[in-house]
Amino acid sequence: MSYDNTNSGMLARNDRKETEKHPDFKGSINVDGKEYWLSAWTREGKPGGKMEGRKYFSLSVSPKEQAAPAPQKKATTFDQLDDDIPAW
Numbered sequence: 128m129s130y131d132n133t134n135s136g137m138l139a140r141n142d143r144k145e146t147e148k149h150p151d152f153k154g155s156i157n158v159d160g161k162e163y164w165l166s167a168w169t170r171e172g173k174p175g176g177k178m179e180g181r182k183y184f185s186l187s188v189s190p191k192e193q194a195a196p197a198p199q200k201k202a203t204t205f206d207q208l209d210d211d212i213p214a215w
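This note's numbering puts the first residue of the sequence shown at 128, with every later residue one more than the last.
Hints were generated in silico from the structure; no laboratory data involved.
Here the structure is a predicted model, which means the values were calculated and not measured.
For every residue, glycine included, the Cβ atom is placed at its ideal position computed from N, Cα and C.
Check before you lean on any hint, since a few could be wrong.
[Unchecked claim] Label pairs and their calculated CB-CB ranges: (1) A139 to G172: 21 to 29 angstroms; (2) K148 to M178: 15 to 23 angstroms; (3) D142 to E192: 23 to 31 angstroms; (4) L186 to Y130: 23 to 31 angstroms; (5) G180 to E147: 14 to 22 angstroms.
[Said to hold, decoys possible] Below, computed lysine to aspartate or glutamate pairings styled on EDC-like, alpha-carbon distance capped at 16 angstroms: (6) K191 to D159; (7) K182 to E171; (8) K182 to D151; (9) K161 to E192; (10) K191 to E162; (11) K161 to E171; (12) K161 to D142.
Take the sequences, apply the hints, and build the full model.
This is the structure:
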């Protein structure tokens with residue numbers, strides 16, 4: 128019997144963070160059987176806001192599966208071109 132990880136996930140500290148735009152934590156999550164990448168940044172609430180002075184995570188989720196590449200047009204050979212030149 129295998130472990131069912133549906134509707135669960137994990138986050139770990141991002142040891143490869145190089146800029147402030149990179150997430151502080153990275154991981155993955157499964158929602159209803161579909162896999163996603165999960166990124167998190169630690170933030171602190173701004174003065175006057177509802178999270179003032181409190182730390183929280185800002186999250187981003189993106190699908191793990193890559194979009195299929197657009198179909199390539201088949202190259203046209205000279206034999207397939209119309210030789211008629213339109214009259215002006």
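K191 paired with E162 [C-alpha distance capped at 16 angstroms]: holds, 6 angstroms
Hint consistency between K182 and E171 [alpha-carbon to alpha-carbon, up to 16 angstroms]: The given pair, whose Cα atoms are some 4 angstroms apart, holds under the 16 angstroms limit.
Status of the given 15 to 23 angstroms range, CB of M178 versus CB of K148: At roughly 21 angstroms between Cβ atoms, M178 and K148 fall inside 15 to 23 angstroms, so the hint holds.
21 to 29 angstroms as the expected CB spacing between G172 and A139, which holds or is violated: Distance hint for A139, G172 holds at roughly 24 angstroms.
Restraint status (C-alpha distance of K161 to E171 at most 16 angstroms): violated, 31 angstroms
Whether the CB-CB distance between L186 and Y130 falls inside 23 to 31 angstroms: Given range 23 to 31 angstroms: holds, Cβ gap about 24 angstroms.
Pair hint K182 and D151, alpha-carbon separation not exceeding 16 angstroms: holds, 13 angstroms
Satisfaction of hint between D159 and K191, Cα-Cα up to 16 angstroms: holds, 14 angstroms
Status of the given 14 to 22 angstroms range, CB of E147 versus CB of G180: Taking Cβ atoms as reference, G180 and E147 lie about 21 angstroms apart, which means the hint holds.
Given pair status - D142, K161, alpha carbons within 16 angstroms: violated, 26 angstroms
Hint check for E192 and D142 - Cβ pair distance inside 23 to 31 angstroms: holds, 25 angstroms
Given hint E192 paired with K161 - CA-CA distance at most 16 angstroms: Since the Cα atoms of K161 and E192 sit roughly 9 angstroms apart, the hinted pair holds (cutoff 16 angstroms).
The earlier numbered hints that this structure contradicts are 11, 12.
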